[in-house]
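Now for the letters of each chain:
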Amino acid sequence: MKKYSLLFFFFFTWYSYSQTISGTIKDKNTGEDLSFALVYIKEGNKGTSSNAYGFYSITLNPSDLEEGKVTLVVSFTGYKKIIKVIELTKNITLDLRMESSSTKLKEFTVEAEAKEEMEELKSTEMSRDNLKMEEMRTLPSLGGETDILKIAQLLPGVQGGGEGSTGMFVRGGDADQNLVLLDEAIVYNVGHLFGFFSVFNPEAIKDMTLLKGAFPSQYGGRLSSVLDITMKNGNDSKFHGSGGVGLLSSRLTLEIPIKKEKGSLLIAGRRTYIDQVFKLIGAPLPYYFYDLNVKANYQITKKDRIYYSLYFGKDVLSFEERNLENEPDSSENFGGIDFGFKLGNWTNTLRWNHVFTPKLFSNISLINTNFNYEINGDIVSNRIRISSNVIDIGTKIDFDFFKSPEQKIKFGGAFINHVFRPNIVTTTGNISELLGSSRGVKQVTQEMALYGNMEHELNPKYKISYGLRITGSTVKGKFYTGLEPRVAGRMMLNEKSALKASYSRMKQYMHRVSSSTVTLPTDLWYPITKNIQPQISDQIAAGYNYLFQKKSIMITAEVYYKWLQNLIQYREGASLILNNDFENELLQGTGDAWGFELMVKKERGKFTGWISYTLSWATRDFDELNGGSKFWAKYDRRHTGSIVASYKLSKRWAASAVWVYQTGSRFTAQNGQYFMPNSTLTGVDVVPIYTARNAVQMSASHRLDLNFVLNGRENRLFGAKKKRKLVGEWHFGCYNTYNYAQPYRVNIVPTESGGYKYEQPGLFGFIPSVAYNFKF
Amino acid sequence: MKKQIDKYLFLAISICFLFIRCRPEPLDIDLPQAEQKLVIASQIIPGNLMTVIVSKSMDTKGFNIEDGSLSQDILSQLLIDSGIVTINYNGITDTLRKAAGVPGVFVSAGTPLLVNTRYNLFVKDWQTGMSVTSSAYMLPQVLLDTVFAETIKSNELSQTKISYSFYDPPTEKNWYMINFYSPNGSSSSSGGIDLSENDDILKETIIVSDENFQNHLVNKSYTLSDWEQDTIFMSISSISEGYFDYLNARLRGGRLFTSLVREPINYPTNIHEGYGFFTTHYPTISMIIIE
Chain A
1 MKKYSLLFFF FFTWYSYSQT ISGTIKDKNT GEDLSFALVY IKEGNKGTSS NAYGFYSITL
61 NPSDLEEGKV TLVVSFTGYK KIIKVIELTK NITLDLRMES SSTKLKEFTV EAEAKEEMEE
121 LKSTEMSRDN LKMEEMRTLP SLGGETDILK IAQLLPGVQG GGEGSTGMFV RGGDADQNLV
181 LLDEAIVYNV GHLFGFFSVF NPEAIKDMTL LKGAFPSQYG GRLSSVLDIT MKNGNDSKFH
241 GSGGVGLLSS RLTLEIPIKK EKGSLLIAGR RTYIDQVFKL IGAPLPYYFY DLNVKANYQI
301 TKKDRIYYSL YFGKDVLSFE ERNLENEPDS SENFGGIDFG FKLGNWTNTL RWNHVFTPKL
361 FSNISLINTN FNYEINGDIV SNRIRISSNV IDIGTKIDFD FFKSPEQKIK FGGAFINHVF
421 RPNIVTTTGN ISELLGSSRG VKQVTQEMAL YGNMEHELNP KYKISYGLRI TGSTVKGKFY
481 TGLEPRVAGR MMLNEKSALK ASYSRMKQYM HRVSSSTVTL PTDLWYPITK NIQPQISDQI
541 AAGYNYLFQK KSIMITAEVY YKWLQNLIQY REGASLILNN DFENELLQGT GDAWGFELMV
601 KKERGKFTGW ISYTLSWATR DFDELNGGSK FWAKYDRRHT GSIVASYKLS KRWAASAVWV
661 YQTGSRFTAQ NGQYFMPNST LTGVDVVPIY TARNAVQMSA SHRLDLNFVL NGRENRLFGA
721 KKKRKLVGEW HFGCYNTYNY AQPYRVNIVP TESGGYKYEQ PGLFGFIPSV AYNFKF
Chain B
1 MKKQIDKYLF LAISICFLFI RCRPEPLDID LPQAEQKLVI ASQIIPGNLM TVIVSKSMDT
61 KGFNIEDGSL SQDILSQLLI DSGIVTINYN GITDTLRKAA GVPGVFVSAG TPLLVNTRYN
121 LFVKDWQTGM SVTSSAYMLP QVLLDTVFAE TIKSNELSQT KISYSFYDPP TEKNWYMINF
181 YSPNGSSSSS GGIDLSENDD ILKETIIVSD ENFQNHLVNK SYTLSDWEQD TIFMSISSIS
241 EGYFDYLNAR LRGGRLFTSL VREPINYPTN IHEGYGFFTT HYPTISMIII E
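Line order of the protein sequences matches chains A and B.
Number 776 marks the last residue of the first sequence (this note's numbering); no jumps.
Number 291 marks the last residue of the second sequence (this note's numbering); no jumps.
Errors might be hidden in some of the hints.
Which bits of chain A does chain B cover? Going by a derived footprint, with three or more residues having C-beta under 8 Å, they are [said to hold, decoys possible]:
{"hint": "1", "region": "564 to 572"}
{"hint": "2", "region": "735 to 741"}
Straight line, CA to CA, 20 Å or less: simulated EDC-like cross-link-like pairs of lysine to aspartate or glutamate [stated by the list, open to error]:
{"hint": "3", "chain 1": "A", "residue 1": "K259", "chain 2": "A", "residue 2": "D64"}
{"hint": "4", "chain 1": "A", "residue 1": "K757", "chain 2": "B", "residue 2": "E35"}
{"hint": "5", "chain 1": "A", "residue 1": "K302", "chain 2": "A", "residue 2": "D338"}
{"hint": "6", "chain 1": "A", "residue 1": "K757", "chain 2": "B", "residue 2": "E204"}
{"hint": "7", "chain 1": "B", "residue 1": "K37", "chain 2": "A", "residue 2": "D685"}
{"hint": "8", "chain 1": "A", "residue 1": "K757", "chain 2": "B", "residue 2": "D81"}
{"hint": "9", "chain 1": "A", "residue 1": "K775", "chain 2": "A", "residue 2": "D304"}
{"hint": "10", "chain 1": "A", "residue 1": "K396", "chain 2": "A", "residue 2": "E261"}
{"hint": "11", "chain 1": "A", "residue 1": "K757", "chain 2": "B", "residue 2": "E172"}
{"hint": "12", "chain 1": "A", "residue 1": "K757", "chain 2": "B", "residue 2": "E25"}
{"hint": "13", "chain 1": "B", "residue 1": "K203", "chain 2": "A", "residue 2": "D685"}
Calculated from the structure, these hints are not laboratory results.
Note that beta-carbon positions come from the ideal geometry of N, C-alpha and C, so glycine has one too.
Produce the complete structure using the sequences and hints provided.
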C-alpha cells in the first residue's frame, strides 16, 4: 500500500508540473485566423499546429524546460516567425498576431515554408490538397473568373465533367459523392450558369482543402471526397475593400471592423452581366446570376468567440416573347410566351468557439441550407410552375483535445434534419387537364453521427491516426446505422521521405438522381428509403512522399483501391421528367475504382506550380444493366494530367499557364437502328440499337490556358484629397489558346457527298479575357 | 494627355476582344456500327393468317429520324425481297409465301393456329446470307366477355370511356396486351411511311400482368378525351412473359426523339442472331361503335 502511495505521489507531483501554453494565432493586419500554423519549442523536438480556428495548445513536461524557461517558436508560410522566451510556472494563455512577410523578411518566409513542408511530410495526412486563394488567384480561368472548383479539377485523382462544368468525379466516384462545405454548411448546388461557374466568390474565400481519401472521422456523409471551403473572417483592424471588374462579372468585397481586434464584418457581392454582354453582340441570352457572402465574428470573452456566415446565390433565366396580336386582357391571360428558370442556394452557419481548458477547445454550430429551383412557363392562358427544394437544419459539436504534443484527440457529433420536396407542380388553364397540380412527395429524414479520432506520434519514425465514426439515418419505416472506421499511418524512411497508408469506410444517406446521358442543375436530391440502401465505400491507399527541401519540391505518389456498394443508377428506359415514382426506376449495384496518382509540386520561389498525373480505372456492376455484365463508369478516363505553372517575371509582371490533358469520357452510343411495326399495326417505329453501356469513348482532349498579371501602381482613391491606397492589377488571359475542341458530345451531321458522319464539337474555343482587380 | 489616349485605346482594344470568339473545329470520330442483322416482326392478322415481316437493321448514318419519313428507296433497301421463311410445328414445316406486291412480308395461309403448340421460325436472306431462328408458344385466345363505349360530357370536356371485361384463367401466370386503334394508316404521300406523330390516329397499347387481378372475370376501362371518330378497334391477346418484357421496353423507350429524357435501352429479343420479336399471340378483335 505504501509502495503505491509513493508511486501516486511521484506521478501526481510530476504531472502537476506539466504546463500548457495555449491561445489563438491570427494575422496581425487583418485578424484572420491562421489555421495549421506551426508551434514548437526550440529546445526539444516537440510541436503542434493550430486548428481550423487558429487555436493551439502545447503541453510541456518539466524535462522540456531549461531553468523554468522555454523558447516558443511560431511559424507560418508568408509570415514573419515569432520567437518568444517564456517563463513557464503555470498554464498560460498567449494570443499571437503574426506579421505577414515582405521581401526583407525573405529568409523567415523560406524557413517557415520549409518547416511547413517538413510537417506535411511527417503528418499522417495523405490524399489531401490544401490550396490558398493567393495561389489560385493568378491562375488562368474561363472568362477571367477565378474558379476554385475548376482549379480542384487540376489536382490528381479529380476529373471534371463536360467542358467548362464544375462537376467533380473523384477517384472513380460519381458527381453526387462529393461533400462540399462552406463554413460547415453543405452546398448542394455548386455551379452557376448550369455548372459553368462555381458559386464560390474568390474574394470571400480564404482557403480550400480537398480530401480524396484517408478521411478523418469528423467528416462523413459522402463517399468520394470532401471539399472544405473556409470563408475569410474580414479585417478586424482597418476598413478594407477589394473587387474586380471582368468581362462577364464584377464583384466587390468590404471588410469592416466591428471593434478593433475584437470583431469584424465581411460583405462580398458578385453579379454577372453576361446577359448585357451577349445583348451587345446581338445574341440575346436572358440569363444572369448574383451571389452574396456575409460573415460576422466577435470575440465576446477571452474564451468565447461567435461567427455568423451566410451565402445567398441565385441564377435567373427569363425568356419572354409577347404576341402583339394577343395583348394580355387580364392577369389570367398572358397573351404570349414567358419561360423562366430560377435556381437558388442559401446557407447559414452560426458558430460558437469556446475554450474549456487550455487543452480543450470546442466549436458548436447551427447550420441551415436551402437549395431550390423553379421552372415556370406561361403560354397564352396556360401557366405551369414546377419547383423542388431541399432544406437542412442541423447542429454540430466538435472538440479538440490537445492531450500532449504527441497526442491529439478530436471528438464530437452532428445531427441534421433533411426535408426534400421534389416536383411541386402548379398548373392553371387547359394545361391542367394534361398535368394536374401536385404537392410532390415530401420526405423527411434525419442523419446523425458521433465520432472520435486520436492522432498519436509513437516515436519519430511512426505516427498513427485512428478513429471511428458511428452514423445513422432515420427514414419512414427504417433506421439505418453504420460503423465507419478510419485509420492512417506514417513511417519516416529518412529525413526526406515517408511511406503512408490509410483505410476509410464512408456511408452516404442521400443521392442525386441524374441521367446517365446528361447532368442538369434540376437533378433532384433524394434520401435513402426503406428500399434504397445507403451507399458505402471502402478505400485503401498507400503513398510515398519525397521532399527536396532546398528546392522546395514535394513528390507524392499514391495508389488506391476503392470498393463501392449500393451505387445508384436509373433503370433502362426510365423517365426522368416529373417522375415522383422514382424509387421504382432506381437500381442498386456495385463498383470498383483503382489507380495511381503522381504529384510534383513546387511551392516556393519565383517559379511555382505542379505537375499531376493520374492513371485510373472505374467499373460498375448492376444485375439489370448491360445484360448483367460489368461496364465502365461514365467518367472512366484512363489518363488525366495537368501542368500548372506560375512565374514572377518582374516586380510588376507575373505569368501563369495551365495545360490539361484527359482521355475522353465514356457514353452509350446509338450505333444502329431498325424498324418495327408498332403493336397496333398502325405504323412503324424507329428502334435504336445501343452499344454496351459506356462502351464508347470520346476523343482525348488537351488545352492550354494562359494568364498575365500586371500589378498596378498605387493611386489615390477616386482622386480624393485624403491619401488612400488603391492597388490594382490587370489580368490578361486566354482560354484554350490553340483553339482545340474539347469534345462534349457526338453529333451525326450530313456530309457533302450526301451521307452522314460523326463529329465531336467543342463548346468553347479561344476566349481572351481582361479583368481588373483592385484593393483599397 | 497622350497617356490618357493610350489608356482609352488600350481599353477599347481590350473590349474588342470581347467580340472575338473562335469556335474550334469539331473532331471526327468513327463509331463502330452495330453488325447488320435481320429484324423480325410477326402478327396473326384477320383471316387467321400468320405473317412474318423480315427486314434488315441499318447504321445510324443511313437514315436520320429527323427526316420525318421513310422513303420508298430506304424501304426497298431494308425489306427482304429474296429469302426463305419457314415455320415448324409438331414436326411439320410450312414455307411462307411472299405477299404479292409487298416486299418483306411473308404469309402463311395454310398454317393452322394450334393453341398450346410451339412454333419454330427459320429465316434466311439469300442476298446477304444472314439467317435467324426463333421460337414462340401459341397461347389460347382471350375470352372477351363484354365491351362497350359511352361518351361522357361535362362542361366543355368530352370523354369516351371504353369498358371491357375478359376471363383470366386462375391456374397460371398470364400476361395480356390490349390495343386500341383507329383504322387510319400512316403512309406518306410519296409512298413511304410517315414517322411523325399524328394526333388523329389512335394507337394505344396497354400491357398488364395478372398478379394484381382479384377475380377470374377482369373488368377494365380505357378513357379517351375529345375523340371525334365513331369507330375504334380493340384487340386483346394473351402473350408470353418474354413478349411482355419486350413491349414494356418498347413503351418505356418511347419515340426516338424522347431519348434525351430517357435512359438508353437495349430491347430484349427472342431472335437468335437478330433483332425484333417473333410472337404467335392470337388476338381477339372487336370493333366498337361510339354512339
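| task | Enumerate the violated hints, using their earlier numbering and listing them in ascending order. | result | Violated hints (numbers, rising): 3, 5, 6, 8, 9, 10, 11; every other hint is consistent with the structure.
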